[in-house]
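Engineer: Please arrange chain C on chain D, whose structure you already have, making use of the hints.
These protein sequence lines are chains D and C, in that order.
Numbered according to this note's numbering, the first sequence spans residues 1 to 162.
Numbered according to this note's numbering, the second sequence spans residues 1001 to 1204.
These are computed hints drawn from the structure, not numbers from a lab.
Heads up, none of these hints are tricks.
Derived pair list, reagent style DSSO-like, types lysine-lysine, alpha-carbon separation capped at 27 Å: (1) C:K1161 x D:K7; (2) C:K1040 x C:K1075; (3) D:K57 x C:K1198; (4) C:K1114 x C:K1135; (5) C:K1102 x D:K153; (6) D:K57 x C:K1075; (7) D:K153 x C:K1085; (8) D:K118 x D:K39; (9) C:K1161 x D:K71; (10) D:K7 x D:K71; (11) C:K1161 x D:K118; (12) C:K1161 x C:K1015; (13) C:K1161 x D:K14; (14) D:K57 x D:K118; (15) C:K1161 x D:K57; (16) D:K41 x D:K160; (17) C:K1161 x D:K75.
Examples of chain D residues lying across from chain C (beta carbon under 7 Å, computed): (18) M10; (19) G28; (20) M49; (21) L50; (22) N58; (23) N61; (24) K64; (25) M97; (26) F98; (27) G138; (28) I155.
Here are the simulated distance ranges between beta carbons: (29) D:K160 x C:E1104: 22 to 32 Å; (30) C:D1034 x D:N136: 31 to 41 Å; (31) D:C17 x C:G1133: 51 to 61 Å; (32) C:G1023 x D:H18: 47 to 57 Å; (33) C:S1050 x D:D146: 23 to 33 Å; (34) D:W52 x C:K1075: 14 to 24 Å; (35) D:F54 x C:G1133: 35 to 45 Å; (36) C:S1008 x D:P127: 46 to 56 Å; (37) D:H125 x C:S1050: 21 to 31 Å.
Cβ coordinates follow ideal geometry from the N, Cα and C atoms, glycine included.
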Amino acid sequence: MTDNIIKVGMADLKHRCHPSVLVTLGLGSCVGIALYDYKVKIIGLAHIMLPWSFQAKNNTNEAKFADTGIKLLLKNMLTDGANIGRISAKLAGGAQMFTFSGASDMMRIGQRNVEATKQVLQSLHIPVISEDTGGNHGRTIELYSDDGRLMIKTIGFGVKYI
Amino acid sequence: MDLTSLNSFHLDVLKEIGNIGSGNAATALAKLIDEKVDMKVPQIRIMGFSEINDVLGGAETPVVGVLLGVLGDIKGYILFVLEEKAAHRLINILMCRDPSEKVEYNELTLSALKEVGNILTSSYLSALSALTGLKIKPDVPALAIDMAGAILSVPAIEFGKTADAVLYIETEFIQGSESVIGDFFLAPDTESYIRLLKTLGAMC
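Chain D on its own, in the form it takes in the complex (with noise of 0.2 Å):
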């Protein structure tokens, strides 16, 4: 069943056709965003580390950002032969890693990393059915072409399927 296991980076966004699985390790504050056409079975992760490309002064890496890294995902998954009425959303990732005292904006990184995220969706009107977000735990995630799901590892907090 694991024919094809391809890693996705930090910053960066792959889309496959099915057999494959898509995997993306050590996920922080970063979002692991999840698109899957249950018809055509074409999956697509994008690991993005900020949310808002117009708030960054570089924003030359589209995957780098929720809203110009969705849009990218999307995209290239469209013209592979998706369709956007049958596509939906699984998130991961948007955790606090440290915790300081002062909870600044740079701290709450992962929490905005899934709003934009979700803003972003929306817009696009491609339901988000499932997530686990939050905390303050890393997690790998790997997502599979024959039904779409996700699977999340963690440490101390087990492995489970969403």
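Structural biologist: Below, chain C alone, put in the same frame as chain D:
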């Protein structure tokens, strides 16, 4: 000015900065645990974000990370990363217990690790401060025990706002022949490493 335009002379100067800072930190650690501590030659790592996950023996390796902000004329982060085994050993030495004793994470042991991070970072930065005449101070430490990738991504995200890569000055502390104690990462932001190089006359 971006990271790719640094030449080998600049990298050598940054390496020497790492050498002086971590030399001081290694001495502090040796005094603290009353044992000999060695260090390897510092490495300058300029990494694209997608490569970060491959440092420290893989993104999923469980590690202990102590993160401190750097304040003053130089801004950035210092991250002290220990493998869990080394962290346990360090805690036991500090608590005057047998080094192989089982360690539980609680307020006391975690606070001891944070304090180690604090002391090492302060000695690292005060050496840099003495060398350059710049005002450089550490912020309060924060601690996390989790996957290496998730921990290293925290400073990387800050850099993501302005750059597509991150510069780490990494030093490995070792004990005896090959027993690794921990890795020390100094990650100055873009303006700060330029300021460091300029102050030392390595860049006009």
